[in-house]
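**Student:** Each chain, written out:
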Amino acid sequence: MIVGDLKPLDEIVSTILDYKRVLVLGCGSCVTVCLSGGEREARQLARELSHPRHYKDHPPEFTVGSILRQCEHDLVIAYQEIPPETDAVLSLACGAGVQTMADAFEPLPIFPTLNTTFLGASLKPGIWSEMCNGCGDCRLSCTGGICPVTRCAKSLFNGPCGGPQNGQCEVDPEIPCAWALIFYRLKKQNHLHLLEEVKTPPDWRPAGGRGPRTRMRTGIG
Amino acid sequence: MSYFRVNEKCNGCLACVQNCPADALDSTDVGDQRTLRHNMARCARCGNCWRVCPEDAIEFQHLLENKWDEIASLTLAHCSVCGEILYTTRFGETVSVKLDRTIKPLCPRHRESVASLARAHFFSGGKRPKEVQR
Numbered sequence: 001m002i003v004g005d006l007k008p009l010d011e012i013v014s015t016i017l018d019y020k021r022v023l024v025l026g027c028g029s030c031v032t033v034c035l036s037g038g039e040r041e042a043r044q045l046a047r048e049l050s051h052p053r054h055y056k057d058h059p060p061e062f063t064v065g066s067i068l069r070q071c072e073h074d075l076v077i078a079y080q081e082i083p084p085e086t087d088a089v090l091s092l093a094c095g096a097g098v099q100t101m102a103d104a105f106e107p108l109p110i111f112p113t114l115n116t117t118f119l120g121a122s123l124k125p126g127i128w129s130e131m132c133n134g135c136g137d138c139r140l141s142c143t144g145g146i147c148p149v150t151r152c153a154k155s156l157f158n159g160p161c162g163g164p165q166n167g168q169c170e171v172d173p174e175i176p177c178a179w180a181l182i183f184y185r186l187k188k189q190n191h192l193h194l195l196e197e198v199k200t201p202p203d204w205r206p207a208g209g210r211g212p213r214t215r216m217r218t219g220i221g
Numbered sequence: 222m223s224y225f226r227v228n229e230k231c232n233g234c235l236a237c238v239q240n241c242p243a244d245a246l247d248s249t250d251v252g253d254q255r256t257l258r259h260n261m262a263r264c265a266r267c268g269n270c271w272r273v274c275p276e277d278a279i280e281f282q283h284l285l286e287n288k289w290d291e292i293a294s295l296t297l298a299h300c301s302v303c304g305e306i307l308y309t310t311r312f313g314e315t316v317s318v319k320l321d322r323t324i325k326p327l328c329p330r331h332r333e334s335v336a337s338l339a340r341a342h343f344f345s346g347g348k349r350p351k352e353v354q355r
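From first to last, the protein sequence lines are chains A and B.
Note that my numbering has the first sequence beginning at 1, numbered continuously upward.
Note that my numbering has the second sequence beginning at 222, numbered continuously upward.
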C-alpha cells in the first residue's frame, strides 16, 4: 500500500494562512490503514490547526470530511461535497489523491498535508516497510521474492556488495542486507544456482524515465 | 443488510457483473427469474460497477457511507460506588482469570479512595474515617 507521513505542522499552517474556510479531507484507503491520512487523522489535524497560536489573526474555520478514495476523478466529482464558501482544501491523501482532487475541483486550491513516502507492506502491526519501487521490470522471480531494487540500499542486481556485516547493511546497520536475505531464501528454496547467473542491467525506461506512466486496460465499460 | 444497492432502474443487463474486477458480483438465472448477487467480502469498492452501469442503477453512496452494524452486545460492569461504566463483565472475568484473583469493579477514583480507607482503617487501630472522598 501507499505509505505517507504527516508533514510538519508549521509547513501545513504556512499553506493556509491566506484562507478563511478550509476543508480537511481524509482519504479512506491506503493512508487510513497506515494511520496517517484517515478521517481520524483529519479530525486530529483540524483540531491542532485550530489553535490560535499558529496565526497572527483568527484561525481559519475548519470542516472535516473523508472519502473512500481521493484518487478517482469521477468518484470525487460525484460524491465529494465541498462545503459552501470553502476557499482551500487540506488533503490527507497521497500525491495521486491530491492531484486528482486539484484536477476535479479546479481552481480550488488543494494542499497536501502528507509526504507520500513509499509503497510498503505491514509485516508487524504498526510497522510498514518499503517493498516496491514500481520499477516496471520485476525480477522477484529470481531473487526469492525479495526486491533488490528497493531493499538493497544500492539497488544492486548482482549483490551483495562488499559492505554487509553480519547480514546487516553497511549504509545503516539497522537494515538487513537484502542480498543476505536473498541468499538465505534461495538456499531454503534450494535455488542457489540462481545467484550464479549474472543479471543484465535492468531496463529503467519502464521505471518512469520516459515521463509519467499511463496504463489503459481494454474491455472496461 | 446489504451495502450494495441498486435502484429500480436496473434492467439486469449484467454490465456490472462483467466489469467487476473482484468478481464480487454474480447473477443466477433460475426459471423465469434473474437474480443479481453481491459479495461484500470480495468487493474492492472500486466503483467500476457504478461507472459502467448504463442505467445509473447502482447507488454507490451506500458503499461510501452506510450505517453501523451491531456486531456484539455485552453486559457492562459499573463502579460499585459511583456507577461509572468501567468495562464489560466478560472483560472483568478475563482479567480475573489472568490475575488469578477477583477484581472489584471500582473506577480509578474509588479504587484509590477505598485503598485510602483500608489504610486508614488498619493504621488507625480500626477507627473508621468519617468521610470518603468521591
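It should be emphasised that the hints constitute simulated quantities derived from the structure, not laboratory data.
Hints are not guaranteed to be accurate.
Ranges of calculated distance between the beta carbons of each label pair, as one might list FRET restraints [unchecked claim]: (1) A:G211 x B:A265: 26 to 34 Å; (2) B:E291 x A:K154: 20 to 28 Å; (3) A:G163 x B:A336: 57 to 65 Å; (4) A:T15 x B:K288: 50 to 58 Å; (5) B:P329 x A:R40: 46 to 54 Å; (6) A:S14 x B:R311: 43 to 51 Å; (7) A:R43 x B:V318: 54 to 62 Å; (8) A:R215 x B:M261: 26 to 34 Å; (9) B:A265 x A:R21: 52 to 60 Å; (10) A:L17 x B:K288: 49 to 57 Å; (11) A:D203 x B:A265: 29 to 37 Å; (12) B:M261 x A:N133: 40 to 48 Å; (13) B:E291 x A:N115: 32 to 40 Å; (14) B:D253 x A:N133: 37 to 45 Å.
From the derived model, a few chain A residues whose C-beta atoms are all more than 12 Å from chain B [what the hints assert, rightly or not]: (15) H58; (16) R69; (17) L75; (18) Y79; (19) D103; (20) L108; (21) E174.
From a predicted model like this one, the values you see are computed outputs, not experimental measurements.
A virtual CB, placed ideally from N, CA and C, is assigned to each residue, including glycine.
**Student:** Quick check: does the Cβ-Cβ distance between G163 (chain A) and A336 (chain B) fall within 57 to 65 Å?
**Tutor:** holds, 58 Å
**Student:** Mind checking the hinted window 26 to 34 Å against the Cβ distance between G211 (chain A) and A265 (chain B)?
**Tutor:** holds, 29 Å
**Student:** How does the Cβ-Cβ distance of E291 (chain B) and N115 (chain A) compare with 32 to 40 Å: does it lie in that range?
**Tutor:** Cβ of E291 (chain B) to Cβ of N115 (chain A): about 39 Å, so the range 32 to 40 Å holds.
**Student:** Examine each Cβ of chain B, and state whether all of them lie more than 12 Å from the Cβ of D103 (chain A).
**Tutor:** holds, 17 Å
**Student:** Tell me if the beta carbons of D253 (chain B) and N133 (chain A) are separated by a distance inside 37 to 45 Å.
**Tutor:** violated, 55 Å
**Student:** Go ahead and decide if the range 29 to 37 Å is satisfied by the Cβ distance of D203 (chain A) to A265 (chain B).
**Tutor:** Distance hint for D203 (chain A), A265 (chain B) holds at roughly 31 Å.
**Student:** Does L108 (chain A) sit more than 12 Å from chain B, CB to CB?
**Tutor:** Fine: 21 Å to the nearest Cβ keeps L108 (chain A) off the interface.
**Student:** Decide, holds or violated, for the assertion that all CB atoms of chain B are farther than 12 Å from the CB of E174 (chain A).
**Tutor:** Fine: 34 Å to the nearest Cβ keeps E174 (chain A) off the interface.
**Student:** State, for the Cβ atoms of E291 (chain B) and K154 (chain A), whether the hinted interval 20 to 28 Å holds or is violated.
**Tutor:** This hint is violated: roughly 53 Å between Cβ atoms.
**Student:** Does 52 to 60 Å hold as the CB distance between A265 (chain B) and R21 (chain A), or does it fail?
**Tutor:** This hint is violated: roughly 34 Å between Cβ atoms.
**Student:** Could you let me know if the closest chain B CB is still more than 12 Å away from the CB of Y79 (chain A)?
**Tutor:** At roughly 6 Å from the nearest Cβ of chain B, Y79 (chain A) sits no farther out than 12 Å, so the non-interface label is violated.
**Student:** Is 49 to 57 Å respected by the C-beta to C-beta distance linking L17 (chain A) and K288 (chain B)?
**Tutor:** violated, 39 Å
The structure is inconsistent with the numbered hints 2, 4, 5, 7, 9, 10, 12, 14, 16, 17, 18, although it conforms to all the rest.
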